[in-house]
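Chemist: Guided by the hints, dock chain H onto chain F, whose structure is given.
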Amino acid sequence: MIQFAALDWFWLVIFVLLMTFSGVFFYRLGKRSQADFFLAGRGLPWWLPASSVYATHTATDTPIWIGGVIYKYGLAGLWYAFFSAWCAISAFASARIFRRSLAYTQAEWQSLRFSGLGAELLRGWFAGWQVFMNMFILGWVGIAMGKVCHFLFGWPIWVGLVFFSSLVAIYVLTAGYWGVVVADFQQGVIAFFMIIITSIWGVMAAGGPEKITAKLNSIGQGWRLNPFHFTGTFTGDFPLAWFITMIVIAVLGGFGMGTSIDWYVEAQRIQSSKTVKDASYSIWWGTAFVLFRNSFWAAAIIAFFAMFPHLTNPAEYEMAWYVIGFKVLPVGMVGFFFASILAIHFSTISTHLNLGAMYFTRDIFQHYIKPDASERTLVWVGRITTLVLLLGSFFYGLMMEELTSWLIFALWIMAAGVWLPNILQVIWWRFNSWGYLTAWIANLGLSWLVVWVLPAFKVIPSLPDYVQFWILMFLGALIYIPVTLLTPPEDMDHLVKFYVMSRPYGWWKPVKREAIARGLIKEV
Amino acid sequence: MAFIRTKWTPEEAEEWTREDIIIWVLSPISYVLISVGSALSIFLIPIGFLLLALGVIVTIVLFAIANPKLNVISGEYEKRQKEYLERLERITRWEE
Numbered sequence: 001m002i003q004f005a006a007l008d009w010f011w012l013v014i015f016v017l018l019m020t021f022s023g024v025f026f027y028r029l030g031k032r033s034q035a036d037f038f039l040a041g042r043g044l045p046w047w048l049p050a051s052s053v054y055a056t057h058t059a060t061d062t063p064i065w066i067g068g069v070i071y072k073y074g075l076a077g078l079w080y081a082f083f084s085a086w087c088a089i090s091a092f093a094s095a096r097i098f099r100r101s102l103a104y105t106q107a108e109w110q111s112l113r114f115s116g117l118g119a120e121l122l123r124g125w126f127a128g129w130q131v132f133m134n135m136f137i138l139g140w141v142g143i144a145m146g147k148v149c150h151f152l153f154g155w156p157i158w159v160g161l162v163f164f165s166s167l168v169a170i171y172v173l174t175a176g177y178w179g180v181v182v183a184d185f186q187q188g189v190i191a192f193f194m195i196i197i198t199s200i201w202g203v204m205a206a207g208g209p210e211k212i213t214a215k216l217n218s219i220g221q222g223w224r225l226n227p228f229h230f231t232g233t234f235t236g237d238f239p240l241a242w243f244i245t246m247i248v249i250a251v252l253g254g255f256g257m258g259t260s261i262d263w264y265v266e267a268q269r270i271q272s273s274k275t276v277k278d279a280s281y282s283i284w285w286g287t288a289f290v291l292f293r294n295s296f297w298a299a300a301i302i303a304f305f306a307m308f309p310h311l312t313n314p315a316e317y318e319m320a321w322y323v324i325g326f327k328v329l330p331v332g333m334v335g336f337f338f339a340s341i342l343a344i345h346f347s348t349i350s351t352h353l354n355l356g357a358m359y360f361t362r363d364i365f366q367h368y369i370k371p372d373a374s375e376r377t378l379v380w381v382g383r384i385t386t387l388v389l390l391l392g393s394f395f396y397g398l399m400m401e402e403l404t405s406w407l408i409f410a411l412w413i414m415a416a417g418v419w420l421p422n423i424l425q426v427i428w429w430r431f432n433s434w435g436y437l438t439a440w441i442a443n444l445g446l447s448w449l450v451v452w453v454l455p456a457f458k459v460i461p462s463l464p465d466y467v468q469f470w471i472l473m474f475l476g477a478l479i480y481i482p483v484t485l486l487t488p489p490e491d492m493d494h495l496v497k498f499y500v501m502s503r504p505y506g507w508w509k510p511v512k513r514e515a516i517a518r519g520l521i522k523e524v
Numbered sequence: 001m002a003f004i005r006t007k008w009t010p011e012e013a014e015e016w017t018r019e020d021i022i023i024w025v026l027s028p029i030s031y032v033l034i035s036v037g038s039a040l041s042i043f044l045i046p047i048g049f050l051l052l053a054l055g056v057i058v059t060i061v062l063f064a065i066a067n068p069k070l071n072v073i074s075g076e077y078e079k080r081q082k083e084y085l086e087r088l089e090r091i092t093r094w095e096e
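Taken in sequence, the protein lines are chains F and H.
If you're matching positions, the first sequence starts at 1 in the working numbering and goes up one per residue.
If you're matching positions, the second sequence starts at 1 in the working numbering and goes up one per residue.
It is possible that some hints are incorrect.
To be verified - As a list, the in silico BS3-like pairs of lysine-lysine whose alpha-carbon atoms are at most 30 angstroms apart:
1) F:Lys274 x F:Lys497
2) H:Lys82 x F:Lys274
3) F:Lys522 x F:Lys274
4) H:Lys7 x H:Lys82
5) H:Lys7 x F:Lys522
6) F:Lys370 x H:Lys7
7) H:Lys82 x F:Lys509
8) F:Lys522 x F:Lys512
9) F:Lys509 x H:Lys79
10) H:Lys7 x F:Lys274
11) F:Lys497 x F:Lys370
12) F:Lys522 x F:Lys509
13) F:Lys31 x H:Lys79
Claimed, not checked - A few chain F residues that face chain H, going by a derived Cβ cut-off under 8 angstroms, partial list only:
14) Leu75
15) Phe82
16) Ala91
17) Phe292
18) Asn313
Don't read these hints as lab results, they were simulated from the structure.
Ideal placement from N, C-alpha and C gives every residue a C-beta, glycine not left out.
Chain F extracted, bound-state conformation (with noise of 0.2 angstroms):
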């Protein structure tokens, strides 16, 4: 249990007052249109969303697993949480091409990108799994911080989940992604500068850099500081083939769209861009922050080692940074610690509030129920559909003992075996919504039968992760592959008219050609 100082609670409430009603500020501009509730007008200098980037991608559970990482196998893993560097080619490449579509989602880009009854399947289809899924991400994030704030102050879990997420909800409901974006921005600045001082204060704690360096030299675990320390080429627990397929998985992936995750938040941020530079710089500067910000984490998680060295339960070792914040860090500073749990915590929920009401108004409610709808009704219906997702998270997250290792599974599989089909979408202007669709449905099969079936019966040995990837991935392309040739390609009047207005890389040249023809777009 932690106890607050006068101090503490001057900086927790000052901090909470601010993150709060700063977004409320934004009310008139918020509820003016559709565009302004989910996407700010579509006019935000690049360093908005790139500060929004940072922060939701920074979250309570974040410092848990890079917690966990570090510890177990020191810098080198940095690796684990590298996946975000997707945005290193993503940023300059299918950033631009989705900036350029307009498509307010991932799921509106499916209707731009294919033609018919395809592209409309997969568009519903987007838009149902990423209501669901910014739910579940919702109750993830939502419970973690009921369990901090048990652990800190021994509330009941229930309480750090509802009360904390239902302040977020007040500046989301009315100022919509506004008030987000600006609610993100100082959360981030708030966030970032106390990550960097509590990193550096829990180095100085274990004796400063040249006493950490000796200790684990001392010790035989001078390894810990080299990020290329890996178990073998395919045998340990931490490969060099695993480190590859991560690579490769991450930075080929920025040439597709959903590669990642973590794409259908960037994609709002894209969209918010008030030009197609500011898309792309906004983040790769997010990305980059992400990247430095795990730098600091890393540090600070290895000094804890220095300190710990012969913890085993993950539960001790992964709450390091958090122990690191509450225990070293002096009176007053604790305060504006919380405060910037709180800030990492509050980015992440609106981001994921207003991101799945964006997919349901724009994508399911406008598209499929009301098309004619004003732009007054789809602001009301982005807020109520807010409201839901608020009580659907508490609903989910606290139901998830039960539900996290069948979700993960299901992010799991839904990363690997549409890895080449979310790139092929981009890149190959012969990729139908019907190969795109199969390559969904395949891996669905492919994901339960190599990772789970067919290792119980015993027919294959259980394969490590970066193992069924590649072979998820192959599988699926024996199937969505014939399934694209047998096929008829999409309209050469809806691929011509997506060609000329995202102009994407690859091979494109059949529209291109088309393109020239009829005088749309001059050869160079």
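Modeler: Quick look at chain H alone, frame taken from chain F:
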């Protein structure tokens, strides 16, 4: 013609060119250098400072290459954005 172009016509900027490929190579390298360089620098390991400095240099070069082309693409696209937004609404409302 210079190896790296800094002047673009709107039509040329729309194409994916050598400059884009260079950016795609430099960008992940920059992330790796910043990540590893900062972590090692906190422990005052000399190679960390070197990697971090290289990361900063690569980032500056990266944006020096990307910026002129993105400026032209953005400017040109802005002129047509209104028309594209109208089409987007028509598709969502089943009018196209």
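Chemist: With reference to the structure, classify each hint as holding or not holding.
Modeler: Now the hints, each set against the structure:
1. For the proposed pair lysine 274 of chain F and lysine 497 of chain F, the alpha carbon gap of about 22 angstroms is at most 30 angstroms, so the pair holds.
2. A distance of roughly 13 angstroms separates the Cα atoms of lysine 82 of chain H and lysine 274 of chain F; the hinted pair therefore holds under the 30 angstroms criterion.
3. Between lysine 522 of chain F and lysine 274 of chain F the CA atoms are separated by roughly 26 angstroms; this keeps the pair inside 30 angstroms, and the hint holds.
4. The straight-line distance between the Cα atoms of lysine 7 of chain H and lysine 82 of chain H is roughly 26 angstroms, inside the 30 angstroms bound, and the hint therefore holds.
5. The hinted pair formed by lysine 7 of chain H and lysine 522 of chain F meets the criterion: a straight-line CA distance of about 18 angstroms does not exceed 30 angstroms.
6. With a CA separation close to 47 angstroms, the supplied pair lysine 370 of chain F and lysine 7 of chain H exceeds the 30 angstroms bound.
7. Pair hint lysine 82 of chain H plus lysine 509 of chain F holds up; C-alpha atoms about 27 angstroms apart against a cutoff of 30 angstroms.
8. Taking the CA atoms of lysine 522 of chain F and lysine 512 of chain F, the gap is about 10 angstroms. The hint holds against a cut of 30 angstroms.
9. At most 30 angstroms may separate the alpha-carbon atoms for a hinted pair to count; lysine 509 of chain F and lysine 79 of chain H meet this at roughly 25 angstroms.
10. A C-alpha spacing of about 23 angstroms is found between lysine 7 of chain H and lysine 274 of chain F, which places the hinted pair at or below 30 angstroms, so the restraint holds.
11. Taking the CA atoms of lysine 497 of chain F and lysine 370 of chain F, the gap is near 26 angstroms; set against the 30 angstroms cutoff, the hint holds.
12. Restraint check for lysine 522 of chain F and lysine 509 of chain F: satisfied, since their Cα atoms lie roughly 14 angstroms apart, inside the 30 angstroms limit.
13. For the hint pairing lysine 31 of chain F with lysine 79 of chain H, the CA-to-CA distance comes to about 26 angstroms; that is within 30 angstroms, so the pair holds.
14. Taking 8 angstroms as the C-beta contact cut-off toward chain H, the hint placing leucine 75 of chain F at the interface holds, the least distance being around 5 angstroms.
15. Interface restraint check for phenylalanine 82 of chain F: the shortest CB-CB distance to chain H comes to about 7 angstroms, inside 8 angstroms, so the restraint holds.
16. Taking 8 angstroms as the C-beta cut-off, the interface hint given for alanine 91 of chain F holds, the closest approach to chain H being about 7 angstroms.
17. Checking phenylalanine 292 of chain F against chain H by beta carbon gives a least distance of about 6 angstroms; that is within 8 angstroms, so the hint holds.
18. This hint is violated: asparagine 313 of chain F has a C-beta 25 angstroms from the nearest C-beta of chain H, more than the 8 angstroms allowed.
In this structure, the earlier hints numbered 6, 18 are contradicted, and the remaining ones agree with it.
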